[in-house]
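J.: Chain A is already provided as a structure; the job is to place chains F and H on it using the hints.
From first to last, the protein sequence lines stand for chains A, F and H.
First residue of the first sequence: 1, per this note's numbering; consecutive thereafter.
First residue of the second sequence: 1, per this note's numbering; consecutive thereafter.
First residue of the third sequence: 1, per this note's numbering; consecutive thereafter.
Hints should not be assumed to be uniformly reliable.
Note: identical chains are not told apart, hence a pair may lie in one copy or across any two.
Each computed BS3-like pair below joins lysine-lysine, with the alpha-carbon atoms no more than 30 Å apart [claimed, not checked]: (1) Lys77 to Lys167; (2) Lys77 to Lys48; (3) Lys159 to Lys262; (4) Lys47 to Lys268; (5) Lys10 to Lys47; (6) Lys10 to Lys43; (7) Lys43 to Lys254; (8) Lys43 to Lys292; (9) Lys77 to Lys43; (10) Lys77 to Lys47; (11) Lys212 to Lys162; (12) Lys262 to Lys163; (13) Lys159 to Lys226; (14) Lys47 to Lys254; (15) Lys77 to Lys267; (16) Lys47 to Lys159; (17) Lys163 to Lys292; (18) Lys163 to Lys212; (19) Lys208 to Lys254; (20) Lys47 to Lys226.
By construction, these hints were calculated from the structure, which means they are not laboratory data.
Everything numeric in this text was worked out from a predicted model, so none of it was measured.
The primary structure of each chain is shown beneath.
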Amino acid sequence: MTGKNIQLDKNGNLKHFLSIEGLSQPLLHTILNYAESFATVDKRPVKKVPLLRGKTIANLFFEPSTRTRTTFELAAKRLSADILNLNISTSATSKGEILSDTLRTLEAMHCDMFVVRHANSGAAHYIASQVAPHISVINAGDGRHEHPTQAMLDMFTIKQHKKDFTKLSVAIVGDILHSRVARSEIHALNVLGTNEVRIIGPHTLIPKEIEKLGVHIYHDMNSGLKDVDVVVMLRLQRERMRGALLPSEDEYFKRYGLTNQKLKHAKKDAIVMHPGPINRGVEIDSDVADGKHSVILQQVSHGIAIRMAIMAMVMGQINRDENKEKKK
Amino acid sequence: MTGKNIQLDKNGNLKHFLSIEGLSQPLLHTILNYAESFATVDKRPVKKVPLLRGKTIANLFFEPSTRTRTTFELAAKRLSADILNLNISTSATSKGEILSDTLRTLEAMHCDMFVVRHANSGAAHYIASQVAPHISVINAGDGRHEHPTQAMLDMFTIKQHKKDFTKLSVAIVGDILHSRVARSEIHALNVLGTNEVRIIGPHTLIPKEIEKLGVHIYHDMNSGLKDVDVVVMLRLQRERMRGALLPSEDEYFKRYGLTNQKLKHAKKDAIVMHPGPINRGVEIDSDVADGKHSVILQQVSHGIAIRMAIMAMVMGQINRDENKEKKK
Amino acid sequence: MTGKNIQLDKNGNLKHFLSIEGLSQPLLHTILNYAESFATVDKRPVKKVPLLRGKTIANLFFEPSTRTRTTFELAAKRLSADILNLNISTSATSKGEILSDTLRTLEAMHCDMFVVRHANSGAAHYIASQVAPHISVINAGDGRHEHPTQAMLDMFTIKQHKKDFTKLSVAIVGDILHSRVARSEIHALNVLGTNEVRIIGPHTLIPKEIEKLGVHIYHDMNSGLKDVDVVVMLRLQRERMRGALLPSEDEYFKRYGLTNQKLKHAKKDAIVMHPGPINRGVEIDSDVADGKHSVILQQVSHGIAIRMAIMAMVMGQINRDENKEKKK
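Excised from the complex, chain A in its bound form:
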């Protein structure tokens, strides 16, 4: 299987980071372990390690995103890499032909890594299949497909609080249909052997195929949250409101917005997560977002550490023997 997986090189080491689907449990644990060592770098007075000094990383954002771009930029700088921010409007590269010329040009400039965000599902895989052998590609979100670094930072956050995935019940709440975060998280939770993954949301926002991933579907918050250890709230894209998919914001909040009242159905020590930025009063009540169960800001911090770990790994700058030993 390693041979077919474009994400791994012939020795089974991480070469690209495109989707959680297709990665093994030992590899995810390796990423989580490295991230733990980088989490301490962030707290040092000098938040810099020289692992990627002299490497050039291009942020290829075909879809705008200040927040995610910033975390990759910070991760790159703290690894001492040089970073180029390239905002490429999708219109200018609507033809695959021209996109491939852009990639060839950046390769010829001796870039070492592309961090790609694109509105089309599969864009990062496509780019990884096209680039020269010395280049690594990281998926920073592609259409409705995956957002694997977000999923890994969430796994890291869960692990900090809950240790053993095989004993956990996790609920993901909201607009599953349009969410690449949800898709990556379900895969990651499955790979890590999570006991139960639940999906909660209105019929219109839960795709039929999702059941194939082994999740349990709920349309009611109180029963869906019953005794869960982790609640992952998704951001509601307000522009969906305009279509027929959703009732009003008020109605949505009443049914699926997370309040302390609804949260009482979860376990007493449940943690609440959200990929941010949050819509207070739409999918989450301020009392919950700022309350004792919330680990939302820890997720942001972990996002830097996870991205440092993944960037260093795909560049081969972390000891791979050590990597293999951990797999044993």
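T.: Just chains F and H now, kept in the frame of chain A:
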């Protein structure tokens, strides 16, 4: 008083730099002294010191400004810090709630310093009151309130030429009403014990309350400039012309534009300053801007040194014992 | 002549890099030799040399260009310089007076180098004539005048494949009238003693004066490409189509687009170059662009090395005695 002043930590050291109002004379002298040592760094072949290596500074500009942002960016780079440029439209953060989420997120990314420019008076103070204890905030201009780094670079420029503030007469000319620069400068000149501060401008552009700061008000240039040592010209925001506050540009120039003719009323060795960018032929004649009394370009150079000094001080990277000794 | 040439200092060393016109053959060879040593830096695991550490370079782009700006930014970063990206709309600086204030301000911030792109021919020369003595200016394209770094990277590419310019026949194809690249290349090929330079294009796109540069003019591809060693295709600015200067894109491609069929008239080992980005199916067929004669992506790589060499030379950071020895 130290306890109440949000700008100082419990040992009386500079923690934030938000306004000149509330700072002591010894502290302003300490800033000026440190800036003097940084002014030489700028002239070295390698214009870099490692004082803030591994620190992350976020330029939070809610109001666009290439010039001021650039000087902070250069100061940060010459101190070896990593810098993030974030242009945040005010509309997107119109609710205080959402602004505070943005701040929390940047804190969670382990930023060390926010450089803030905002259209609302008091925004930098508000942000400083909200941030985590490890973060320092520098005000890069808030509404009509203060622009304290500009005032300090002007004090530095005056000191280079005039030495003793207690013997000086300084005139500030133009649109005082809308000028955060004027407000910060009046405070700085007062704290440094300047003998006389004069304000010159049309009735419509001089706010009533300004007299409380102990300044003398003039509406005529010839009498206002009589025997002054320093003339500070303010930039005329041309958009004010549209309102009823001002006559035509020509009329304004005739009455308040600085010409060599009017400058003859000042002392022979008077210096002419301007925060830039200048409107030639509106508030200042080219013969004056480029003439022997002008120190306008020296102000720009001093701006980098002053910002390096303040950034290093709020980060605690300058020897504080030395600091205290200088206060004695 | 050295005395009159603003590009050279009084010792004949490169101070600015504004146009190929006026530079000597030994100097061009010196640039090509240095670029060769930098080309290896780009292939090292750590693509960085400390030659310009602590120097500040300002990218002054009055005309937008992601591609050229990016190569200068990468070259600067790999030389360890600090770089400021300033996009200045031409409208804001339409008065020379205000442009000169912008330059004075950047000088006062102790910038060391300006990389200038401007829609007006002669803009870089004008700026070089205005700046303070410690500042170097590099022309990154001025109107229809010159784009000298592009010409040098093309000369470098030719030299890699063809060695001796005095035995070469080179054809430049397309819109000569609007092309600063063509103008710089003709000068460079002449200075390097190229045996024959040909120009191929429709009457409407070949300016009359070009014959003074000693080129041979062709309006037919088959005869123009006959036995040439090098083919330089120019990018067709599609907006020219709207005017009366050109027939349709299809018609243009039929007559002047480079196909393998037409390329058969050139020598068997001819190389095909293009400054990029290419318009596939307009001035060049994909079979040629991606074929064995194409060196288009090599040009991109050489662009970084050439710019590193020129930036280091104008800053005096390359041994000038060595430079002189090479001239002997």
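J.: Which of the numbered hints above does this structure break?
T.: 1, 4, 7, 14, 15, 20
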